[in-house]
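Given next are the chains, with one letter for each unit.
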Amino acid sequence: MTERIPILRMGQFLLVTIQVDMHDRLAMTLQDDLTEAITRTGARGVLIDISSLDIVDSFIGRMLANIAAMSRILDAQTVVTGMQPAVAITLVELGLELPGVRTALDVDRGMTLLRRAIAEESGTHATSDDEGRDDDDDAN
Amino acid sequence: MTTTTRTELLPVRQESDIVMVRQAVRAWSLEARLSLVDLTKMVTAASELARNTLSYGGGGTARLELLQDGGRAGLRVTFEDQGPGIPDIERAMQDGYTSGSGLGLGLGGAKRLVNEFDIRSVPGKGTTVTIARWR
Chain A
869 MTERIPILRM GQFLLVTIQV DMHDRLAMTL QDDLTEAITR TGARGVLIDI SSLDIVDSFI
929 GRMLANIAAM SRILDAQTVV TGMQPAVAIT LVELGLELPG VRTALDVDRG MTLLRRAIAE
989 ESGTHATSDD EGRDDDDDAN
Chain B
194 MTTTTRTELL PVRQESDIVM VRQAVRAWSL EARLSLVDLT KMVTAASELA RNTLSYGGGG
254 TARLELLQDG GRAGLRVTFE DQGPGIPDIE RAMQDGYTSG SGLGLGLGGA KRLVNEFDIR
314 SVPGKGTTVT IARWR
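Same order as they appear, the protein sequences are chains A and B. Every letter in the first sequence is one number past the one before it in this note's numbering, and letter 41, counting from 1, is 909. Every letter in the second sequence is one number past the one before it in this note's numbering, and letter 108, counting from 1, is 301.
Please keep in mind that the hints were generated in silico from the structure rather than gathered at the bench. For glycine and all other residues, C-beta sits at the position ideal for the given N, C-alpha and C. Treat the hints with care, since some could be wrong.
[To be verified] Some chain A residues close to chain B (C-beta under 8 Å, calculated; not the full set): (1) 891; (2) 923; (3) 926.
[Unchecked claim] Calculated cross-link-like contacts (lysine to aspartate or glutamate; reagent style EDC-like; alpha-carbon spacing at most 20 Å): (4) B/304 / A/961; (5) B/318 / B/283; (6) B/304 / A/965; (7) B/304 / B/273.
[Said to hold, decoys possible] So the derived list for chain B, only partly shown, Cβ under 8 Å to chain A, looks like this: (8) 208; (9) 211; (10) 212; (11) 215; (12) 216; (13) 229; (14) 234; (15) 236; (16) 237; (17) 240; (18) 244; (19) 288; (20) 299; (21) 302; (22) 305.
Please put together the full structure from these sequences, using the hints given.
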């Protein structure tokens, strides 16, 4: 009953690779564990690799969408990587569009996507810092 | 004429049975020599229906049948429960309709993933859903 999908921490990222055919409760546990881990570590990005998954049905699809939505509220970005082409075709015909879930073809591209998304956010903050400095300059 | 060359009855009584049904449908789809995309669709449809059997039907069975029709091979899976039944099948088939916590894609979605789809339900008696996919 303590079966769990491991969550690895790498810098400001959390990495998950789903390599087993998950029963529904295991998927729910992963969802809870990930949101808890984001809060505990202050992670800015979550990467979930599903390249080993043969199918994504509506339950697992909903779990992925939930994780993306929850991490967004907790100020983290989520990317799902490695979806097999047959899985993608099936998802579309099933009518599951995974709203709000970013995807990338592989882990490499997924990490690039996450880094860019986080840099863009920090970039916005940096701009306001610069403005702060400009004000100081004006004062001098 | 369609003949059944092999059949197996699996229980759908607990969550882990959904995984067992998925794995059995996958193995039998390979035997029926379905393409990878067709196999994926069949396994996904079976997963949706097995969950329905458990969540809404209160558990039941999944019967797998390996089919032969002339030179064609196929796979049929029948989900049966003795649950409350579905009062309005037409409405239940619509995307977005759910009586539980699901996304409401189960029945309509599963139908789109297979070649043959049949649903029979008697309120108070139970529900039987049959899907088939041919090579």
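Here is what the structure says about each hint:
| no. | hint | in the structure |
| --- | --- | --- |
| 1 | 891 | holds (5 Å) |
| 2 | 923 | holds (5 Å) |
| 3 | 926 | holds (5 Å) |
| 4 | B/304 / A/961 | holds (10 Å) |
| 5 | B/318 / B/283 | holds (18 Å) |
| 6 | B/304 / A/965 | holds (17 Å) |
| 7 | B/304 / B/273 | holds (16 Å) |
| 8 | 208 | holds (5 Å) |
| 9 | 211 | holds (7 Å) |
| 10 | 212 | holds (5 Å) |
| 11 | 215 | holds (6 Å) |
| 12 | 216 | holds (7 Å) |
| 13 | 229 | holds (5 Å) |
| 14 | 234 | holds (5 Å) |
| 15 | 236 | holds (5 Å) |
| 16 | 237 | holds (5 Å) |
| 17 | 240 | holds (4 Å) |
| 18 | 244 | holds (7 Å) |
| 19 | 288 | holds (5 Å) |
| 20 | 299 | holds (7 Å) |
| 21 | 302 | holds (4 Å) |
| 22 | 305 | holds (5 Å) |
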